[in-house]
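Chains as they are written, first to last, in the working numbering: chain A, 1 to 234; chain B, 235 to 458.
Don't take every hint at face value.
Derived pair list, reagent style DSS-like, types lysine-lysine, alpha-carbon separation capped at 27 Å [claimed, not checked]:
1) A:Lys52 x A:Lys150
2) A:Lys52 x B:Lys392
3) A:Lys207 x A:Lys5
4) B:Lys244 x A:Lys74
5) A:Lys129 x B:Lys244
Computed footprint of chain A on chain B; a stretch qualifies when at least three of its residues, placed anywhere within it, have a C-beta under 8 Å from a C-beta of chain A [claimed, not checked]:
6) 237-246
7) 332-345
Just so you know, the hints here were simulated from the structure itself, not pulled from any lab data.
Given the structure is predicted, the values throughout are model-derived calculations rather than measurements.
We treat Cβ as the ideally placed atom computed from N, Cα and C, and that holds for glycine.
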Amino acid sequence: MIEIKKLTKQADNKLILRGIDLSITQGETVAILGQNGAGKSTLLKVLATLIKPTSGLVKINGLDLKKDHIEVKKMFGYLPHSSLLYDHNTPLENLVFFGNLYGVKDVENRARKLVNDVGLSFFINEPVKNFSRGMIQRIAIARAIIHEPKIMLLDEPHTGLDQGAITILNNVVLSMKEKGCTTLMVTHDFKQAAAICDRIIIVKNGKIADDFKINSQSLSLVSEKYQVLVEGGS
Amino acid sequence: MLRAALTIAKKDIYSELRTKQVLGTMIIFAGLVILVLSFAFDPANNTTKAVIPGAVWIIIVFSGILGLNRSLVSEQRNETMHGLMVAPMDASSIYLGKFMANFSMILIVEIVSIPFLFLLFDFKITGSILYFILVLFVGSFGFIAIGTFLAALASNSKSSEMLLPLLLFPMTSPVLIGVTQATKIILTNMEKLSTALSWMQLVAAYDVIFFVLCFLLIEYVLEV
Ligand SMILES: Nc1ncnc2c1ncn2[C@@H]1O[C@H](COP(=O)(O)OP(=O)(O)O)[C@@H](O)[C@H]1O
Ligand SMILES: [Mg+2]
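Using the sequences and the hints given, assemble the complete structure.
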């Protein structure tokens, strides 16, 4: 599904990604762990076609990231740090707008359903600027999946969410997985990573330091490996 | 591609109609310019009629800059520009959408402020209204086409408010020189219509060339 070979990214004479090799098959839920500044967000941005790689090859379902960018972009649901929402518009208007850009059919009903799913149907006609951090994050999640993406790129999706919202998010990821959706999730929350992911990648200094599969919720394994690699090994 | 551009333009115009922030500023600004001109040049005096063609373009240029600056800076809050860039469309769709929104806004400003200008100065068009509308269209098109592109370029910089006018004036001066000359002739001296028409042809050619260039190059400007 995702093939990355010798991917590097340089910015201001600084190598942020130093040769990433990664292969992810369809339906995998992958957690990307690593310290701040390791290059996790940059990796997702390259995949989401926001920034161009300096060198290396990225193929999505055999499609080229640049040449077939429209087809590729349709497959991605990207949730970065910022909400990507228009402040003075309501959740419904935001979702309908982005849904239209993706050519979603029957977009208004889909938007209403998603707002309902993330538990904000009372606020569907309030401008987003009055929302709390967690409420915005809920709408941002709905925005990222409005077009039923094949691949989700989530950058620290758990930050600012309350317990209810974490459950909603995890359920979104798990139910998308059932439909065959692939997920890449940057997170610092080992518990959530162990709960919903079946593969862990640890990024360190722009390289992949470890890559292993986990079976049902082995939280201790994750934190053990992380500690050895990141905290102890540096 | 057109569908995506229309979606973006509609979103911009719709939220502008609700908040009225930018359009309001532009129209108030245009009104102030007209008032100050009417203090400086006695509307009763016939010679002041000569400043009208220039005044028309002063209004368009300065209120245009206000709108252009906002149109791309407004996409920076919550990084909504990134949302547009990861959506399945070409960068030129974003340009086209922004262009259409800015062009409609400047047309609204023109529709409101130019009749006000003519009324206050008791200006009777001796030339042709049809040609006047045409020259307004051609001039605004070029100004906004180049302006939208440069606003995108400048919005990546911290001092975009200052950078935009600095880039905009040299780039659009051929358009502005051409249309002020043409406007002067069309409003006051229809005998020289052929000169006005050749000015307009020149501007129209410049418009087309730059529109196509901006359309093709916007991809490199919007890159993060
Ligand atoms: N546009 C940029 N120009 C220069 N350096 C950058 C740029 N973007 C990110 N970096 C640097 O790259 C490193 C990795 O950033 P990032 O991918 O955001 O890390 P994280 O793993 O915390 O998400 C950081 O040291 C950051 O300072
Ligand atoms: Mg990050």
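Structure-based check of all given hints:
| no. | hint | in the structure |
| --- | --- | --- |
| 1 | A:Lys52 x A:Lys150 | 21 Å, holds |
| 2 | A:Lys52 x B:Lys392 | 22 Å, holds |
| 3 | A:Lys207 x A:Lys5 | 12 Å, holds |
| 4 | B:Lys244 x A:Lys74 | 22 Å, holds |
| 5 | A:Lys129 x B:Lys244 | 20 Å, holds |
| 6 | 237-246 | holds (count 5) |
| 7 | 332-345 | violated (count 0) |
In summary, the one numbered hint that this structure violates is 7.
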